[in-house]
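Go ahead and model the full structure; you've got the sequences and the hints to work with.
Protein chains in written order, with the numbering used here: chain A, 5 to 248; chain B, -4 to 251.
You may find that some hints are simply not true.
Stated by the list, open to error - Using 25 Å as the maximum straight-line C-alpha spacing, the simulated DSS-like pairs for lysine-lysine come out as follows:
hint: 1; chain 1: A; residue 1: 14; chain 2: B; residue 2: 38
hint: 2; chain 1: A; residue 1: 83; chain 2: B; residue 2: 37
hint: 3; chain 1: A; residue 1: 218; chain 2: B; residue 2: 31
hint: 4; chain 1: A; residue 1: 218; chain 2: A; residue 2: 83
hint: 5; chain 1: A; residue 1: 14; chain 2: B; residue 2: 37
hint: 6; chain 1: B; residue 1: 31; chain 2: A; residue 2: 83
hint: 7; chain 1: A; residue 1: 83; chain 2: B; residue 2: 38
hint: 8; chain 1: A; residue 1: 84; chain 2: B; residue 2: 38
hint: 9; chain 1: B; residue 1: 34; chain 2: A; residue 2: 83
hint: 10; chain 1: A; residue 1: 218; chain 2: B; residue 2: 176
hint: 11; chain 1: B; residue 1: 37; chain 2: A; residue 2: 84
hint: 12; chain 1: A; residue 1: 84; chain 2: B; residue 2: 31
hint: 13; chain 1: B; residue 1: 34; chain 2: A; residue 2: 84
hint: 14; chain 1: B; residue 1: 34; chain 2: A; residue 2: 218
hint: 15; chain 1: A; residue 1: 218; chain 2: A; residue 2: 84
To be verified - Computed Cβ-Cβ distance ranges for the label pairs, DEER-style:
hint: 16; chain 1: A; residue 1: 11; chain 2: B; residue 2: 125; range: 23 to 29 Å
hint: 17; chain 1: A; residue 1: 177; chain 2: B; residue 2: 86; range: 34 to 40 Å
hint: 18; chain 1: B; residue 1: 86; chain 2: A; residue 2: 138; range: 37 to 43 Å
hint: 19; chain 1: A; residue 1: 47; chain 2: B; residue 2: 87; range: 35 to 41 Å
hint: 20; chain 1: A; residue 1: 84; chain 2: B; residue 2: 70; range: 52 to 58 Å
hint: 21; chain 1: A; residue 1: 17; chain 2: B; residue 2: 4; range: 28 to 34 Å
hint: 22; chain 1: B; residue 1: 245; chain 2: A; residue 2: 11; range: 35 to 41 Å
None of these hints come from the bench; they were simulated from the model. Note that CB positions come from ideal geometry on N, CA and C, so glycine has one too.
Here is how the chains run, residue by residue.
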Amino acid sequence: MIAIKSHFLKQLISSCLDLFPILAVISIFQLFVIQQPIPNVAEMLFGTLLIVLGLTLFIQGLELGLFPIGEAMAYAFAKKGSVTWLLTFAFSLGFATTVAEPALIAVADEAARVVAAGGIIEATEESQQSYAFGLRMTVAFSVGFAILIGVLRILRGWPLHYLIISGYIVIVAMTPFAPAEIIGIAYDSGGVTTSTITVPLVTALGVGLASAIKGRNPMLDGFGLIAFASLTPMIFVMVYGMLL
Amino acid sequence: MSAWFLEFGNTLLLTIRDILPILATIIGFQLLVIRKPLKNPKKIAIGFLYVLLGIAFFLEGLEMALFPLGKLMATQLTDPNFIGSSSDVVRWQDYYWVYLFAACIGFATTLAEPSLIAVAIKAEEISGGAIGAWGLRLAVSVGVAFGISLGTYRIVTGTELYLYIVAGYVVVIVQTIFAPKMIIGLAYDSGGVTTSTVTVPLVAALGLGLASTVPGRNPMLDGFGLIAFASLFPIIAVLSYAQIAEWRNQTNSKIT
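Set out below in structure tokens:
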């Protein structure tokens, strides 16, 4: 029990260190550049306390829950030896974690407004909603597809950089043909798909698979799933913008 | 106080809603496909509870302390009165505080980004300490700082987004050819993890503030794209970090 407590305390201190730069930047700019008093100091201090506590709990939970379950499932699938089930799991995980992502919902709604203002779709509530929904499904599908391809790559041992570089080339080649309104949204959608819970799970899955399969090196082959998950949405969203 | 609890309960419910599809996928596959009991179900359940509470506290704290002030500062710094340019002619030099703030806030928020901490912990564990968690996080933060600063410059000058992104990809491709193979996967991943809970809202506020106050910019079109900068430049930064570390090792081993 004492060991756990001192571990928690250590984590608490390191969370404080993690947050210190943000506080420093904000206070320095506020005091010296903008030169206005900070409103609601008490509320800010309480909020900061919550952030420190939250970060500490999250990292503890990461090591207790998210990392172990990601790895345990990777080992179980590797032992079972069914590629079909593993790929189904990879797709479902990618799809399920993205479809409800709040950042994506916000970006999709914003995108529908931009596109409607650009006259590409009708400016009615209904058509905007169906556009936003279609966009969300497109991105969720593309993230599922990305994790599937990434897992298949670990299984087969394909070199990561060829796949990623070809992906980049596809994006660059597609950009001139995509409608101007969709380009910024497409580029940004790559960044918003990977949430705080998805990243540790997917990382543990990749590293676990690469350690469980003979001939794979976890450092060389285990990473890269997130890279696919940020790449494919850009391609799929541009396709979506071109088709509609 | 009771109002606060109500709000916290709301945040907690929203977090549960976000975790639910993930939990359903994991439990479904665990029960129906793998069909083997977990080694430490209690520990894992506690871990999930910690993650859930941790994210809820974190978001609530951000909402209370950081976002209002950060967004206020973003609008204050981009205010034409503060910039001091009265004419309609945009001089990009006038916006130096904005570039500096963008770099500082990008650096600081990335250091506190929970997903990046997770990946850094894993990388240190897997590489047996050859890649330090702190070194990786610093490299990524420097990349984000540079990326967001350049992104604000792009909004001020109104240059085309895709030119920057294409140029960035070319740099990444060239670096990939020369970089140590071990780092490539990690470097590509670090582009995706930088932009989640802390960075996106603040950076979006900055982009939107700039795009709506700089004359001749359209917030609809020019407000987007900052996140793309924040996911591209960390890749370049991590690849450079690995390259420099390798060069230093080589010269060291030549001397000794």
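*Going straight from one Cα to the other, do residue 14 of chain A and residue 37 of chain B come out at no more than 25 Å?*
The hint holds at about 24 Å.
*asked:* What's the verdict on residue 84 of chain A and residue 38 of chain B, does the C-alpha distance respect the 25 Å limit or exceed it?
replied: Status holds; Cα separation ~24 Å.
*Are residue 17 of chain A and residue 4 of chain B spaced within 28 to 34 Å by their CB atoms?*
About 29 Å separates the Cβ atoms of residue 17 of chain A and residue 4 of chain B, which means 28 to 34 Å holds.
_Taking the Cβ atom of residue 11 of chain A and the Cβ atom of residue 125 of chain B, is their distance within the range 23 to 29 Å?_
At roughly 24 Å between Cβ atoms, residue 125 of chain B and residue 11 of chain A fall inside 23 to 29 Å, so the hint holds.
*Regarding the pair residue 37 of chain B and residue 84 of chain A, is the alpha-carbon distance no greater than 25 Å?*
Holds, because 24 Å separates the two Cα atoms, which is no more than 25 Å.
*asked:* Given the hinted pair residue 218 of chain A and residue 83 of chain A, is their Cα-Cα distance within 25 Å?
replied: Answer holds: residue 218 of chain A to residue 83 of chain A is near 11 Å, not above 25 Å.
*asked:* I want to verify a distance hint. Is the separation of the beta carbons of residue 84 of chain A and residue 70 of chain B within 52 to 58 Å?
replied: For residue 84 of chain A and residue 70 of chain B the Cβ distance comes to about 54 Å; the hint holds.
*Within 25 Å, alpha carbon to alpha carbon, are residue 14 of chain A and residue 38 of chain B?*
OK: residue 14 of chain A and residue 38 of chain B at ~20 Å, within 25 Å.
*Mind checking the alpha carbons of residue 31 of chain B and residue 83 of chain A for me, to see if they're no more than 25 Å apart?*
holds (11 Å)
*With a cut-off of 25 Å on the C-alpha distance, tell me whether residue 218 of chain A and residue 84 of chain A pass.*
holds (14 Å)
*Within 25 Å, alpha carbon to alpha carbon, are residue 83 of chain A and residue 37 of chain B?*
This hinted pair holds, its Cα atoms lying about 23 Å apart.
*asked:* For a C-alpha distance cap of 25 Å, please report whether residue 34 of chain B and residue 83 of chain A respect it.
replied: With Cα atoms ~15 Å apart, residue 34 of chain B and residue 83 of chain A stay inside 25 Å; holds.
The structure agrees with every numbered hint stated previously.
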